[in-house]
Amino acid sequence: MSYDAIIIGGGHNGLVNAAYLARAGLRTLVLERRSIIGGAAITEEVVPGFRFTTYSYALSLLRPQVIQELGLVAHGLTVLPMATTFAPGYGGEYLLLGADPDLNYHEIARYSAEDGEAARHLDHQIARLARALGPWLDRIPPNVRSAAPEDLAAMAELRAFAERLDPELRDLLERFRSQSAGEIVDDLFQTDLIKALYASSGIIGSMIGPRDPRSGVVWLYHKLGDYDGAPGSWGFHQGGNGAFTQVLARAVAAFGGEIRTQTSVTGVLYDDGVARGVRLDDGSTIQADIVVSALDPRNTFMRLVDPVDLPEDLVEHINRYAFTGSAAKVNFALSDLPVFPTLGRRADVFQGFLNIGPSVGYLERAFADAQEGHMSRRPFLDCCVQSTIDPGMSPPGTHIMSCFVMYAPYALAEGDWDEKREALADTVVQTIAEFFPGFERLVLHREVVTPRDIEVNVGLSEGNIFGGELFESQLFVNRPAPGWNQYRTPITGYYQCGSGTHPGGCVTGGPGRLAAQQILADRRRQARP
Amino acid sequence: MPATTPFHDRIAPLVQTGIWKHWSGYLVPPAYQSSLATEYWAIRSAVSVLDTSPLFKYRFTGPGARPLLARMLARDIGQCAVGRAQYTCWCNPAGFVLQDGVALHIAEHEYLLTAAEPALRYFRTLARSMGVGPVEIEDVSTAWGILALQGPHAHDLLAALTPDITPLRYFGLTRTTIAGSEVIVSRTGYTGDLGYELWIPAANAGTVWDALAREGEGHNLTPIGTTALKMSRVEAGLLLLGVDFNNAQLTWVDAERDTPLELGWGWMFRRLDSDERDFIGREAIEAAQRERTSRWMTVGLAVDWHDYERVYTEAGILPPRHEVYAETTMSVYRRSEIPWDYAGYASSFLSSSLLRRPIALAKLPLDLAAPGTQVELEVTVIRRPHNVLARVVETPFFSPARKTASMRPSTTGSTRPRVSPSATPPVNPEGPA
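So the protein sequences, as listed, match chains A and B. Here the first sequence stands for residues 9 to 537, numbered as in the working numbering. Here the second sequence stands for residues 1425 to 1857, numbered as in the working numbering.
By construction, these hints were calculated from the structure, which means they are not laboratory data. We put the beta carbon where it would ideally sit given N, CA and C, even for glycine. Just to be clear, a hint being listed does not mean it is correct.
[Said to hold, decoys possible] Ranges of calculated distance between the beta carbons of each label pair, as one might list FRET restraints: (1) B:Glu1707 with A:Pro157: 41 to 47 Å; (2) B:Gly1604 with A:Pro221: 45 to 51 Å; (3) A:His453 with B:Gln1440: 50 to 56 Å.
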């Protein structure tokens, strides 16, 4: 059996890329090192009956084109709405926001009428901005190092877009690009709880605090998606994000692609700057003219090929490209729902995000610990209890709770993550118990995922969940490096399609799709006489 | 959970339909009883009471209040003396309408202002950036409940409870006492009929309601829901935020926004060439006036009864007339050789039981906006589009003399409305409300 294209890595972008290539008629092979496909988007039955979203746990930025073009609904795509956001504070305070803007206004107005108004306007403005930026997520960005007519035209289009942008949106975009999440919320809101709820979007998965000027872009990035047309909203894939990558795997198979697990690639075969195939860890090789790395840029450029064969400036950029892991996960099997005393036993509290980080100061203190190389003593937590709306995730009456934990710096000042594993889980339990007294008694099982685990198990460098930080210096024309942001590499036939390429992380599927567009366009060009 | 108004425990037992909806996050009944027509007719022939408390309410106090409102509001607040109320709107710098509301000039340095959507932050931000002098802006939305008492018997009912509302001029206001409670009464409303709006401190809401209900028995006082109110406001030619126009801050593009000129509120700017008012949006509105750049005009449409009857009769069905009120967009076409020559749309439609004809509020290009112009309105007959003849008419469609009449003790307004849509009096300088 011979192949036209080999995709290294069976994460969601590798699978999306493979599906597009197979759909175009290429004999396509996906090679996955682990026994389970999905990369960081997997669901594992860690304890019998309890299905954990080990790493990635929600969907929003998944490009709607991917759903439509690959016919994912026919393969079982089922995304359930995360209809609420619950932000508990100290002393029984809380915000429980839902889908109705009028009711959300009154909920926030319990603290500040002005904040209620500001939140509504901000949500609307961000939705408008996200819509305006949307088309740029769904196209191959221009190459700023190129003088090719199509790149010059795209750059001109980009400038024209910026000039045509509604002045209000241009101002807002400028704020997100130049200001910290902390500055933006200080200007808009009065209440700590609402400030922190909004600002926390600016630190997710990033080794920066809420007062870092780069946090504006991280925040905006997380609002670029939607839940079936509800701007900025998120959803759970039924069965967890692992079930989503199973949908993708079925699409790959349906288009005639092949997926091989437990197959570890040690390097890309190339000579005279032209890709020939891949070498496996057992020494064998598989030939193909197209080789696509769905791994992160460090793996793509520094491990799978010899950096010596690459231009120096590219190697320099990849060396500089920040991967810093900043987050961990603690996933729980629970005997019952946690109870927030003010509200009593209510499942709707958990139907979406549970945001533990009651003030910007709290987020800053959490970051201060991380800057010194420690896990946060009181971490910011982004938790979900998917079993409240997706009962198949745990046995009846019990629940699973996914907790995204910040900060957990990849590089610890003292000791290593294997030693700190249980301490991290203890900290998370104590933090949750401050808001949900007695939480510790509900824990049947806990699974700790450190940044080191993410690196070792998933293969994401330093455990960075986005395949590289979402800073402007690493986005769009710069992702992963200027001149190499169009999914090609200096080796002809060797491509990249991981989250380290445009548009980036958060399970967009965009890199896989756009890389396939580039690959197929290059193939058409070569086929021309 | 939705909020409830201060009258909730009084109105809840009266909601025979069991149907509630949300108005700005408050629970309100769209109708109390199964017959919408009965509620609707209470407005025109007896007296209705509507709980309109979900409106946002703001209080401006201090020497800076008037200069702030003068800058903020598009209509000249300087014309609103103490003891007077004014229908007004506010715009963004591009001249697009944000909201409309009623301003009450309570005392020298004190105003109240209603709004359909929250605006406290907007007002306060403006006050800070303007430096107009000391002004305190409070959100008093929950401090007051508001009841609208509307209909020909409104005066007589209210007069039995307080002497202070006689005489009270149209758009006048007075501070009085009802059932031992302080109440602000303004002769305003959203029905285009004789009527009053009562601002009642939330704590006294139940007491005042009970007094009105007792006195109302002899006048067939009928609690009405929001649907009957909206039916009457179409007859009064009054626009509704979220239906006929949108808050420019919460829209996406200019095509969804309207200038006050485009909404037919040009009468608010008649004296613009002679006054020096520096209000937000002035430059844009003045330019639009000067250069005639309005994209459309909001007008009344009177549907031709015979043509409306014809399309349904030809299809073999009864024309829908009874209790028909719609907020769905209906296309309006130019009468020309080109079939289905799109011109604009109607945003509110009512088959008016009072006027015995269908009417609509529509946005049309300026060349079709003159009264008397004939256009075609698209109606759906057995799920197929048909065009019916409609004529542009002046609004309000209905404006009874009692609306503005001077009230004497124990005078009941005429219960026999005189109806002539094409010959309504010129728009009252006090505004269409």
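To see whether the hints hold, each was checked on the structure:
One distance hint, 41 to 47 Å for the beta-carbon pair glutamate 1707 of chain B and proline 157 of chain A, holds here, with the actual separation near 43 Å. For glycine 1604 of chain B paired with proline 221 of chain A, a C-beta distance near 60 Å fails the hint of 45 to 51 Å. Between histidine 453 of chain A and glutamine 1440 of chain B, the C-beta spacing of about 54 Å keeps the proposed range 50 to 56 Å intact.
This entry does not satisfy hint 2, going by the numbered hints stated previously; all others are met.
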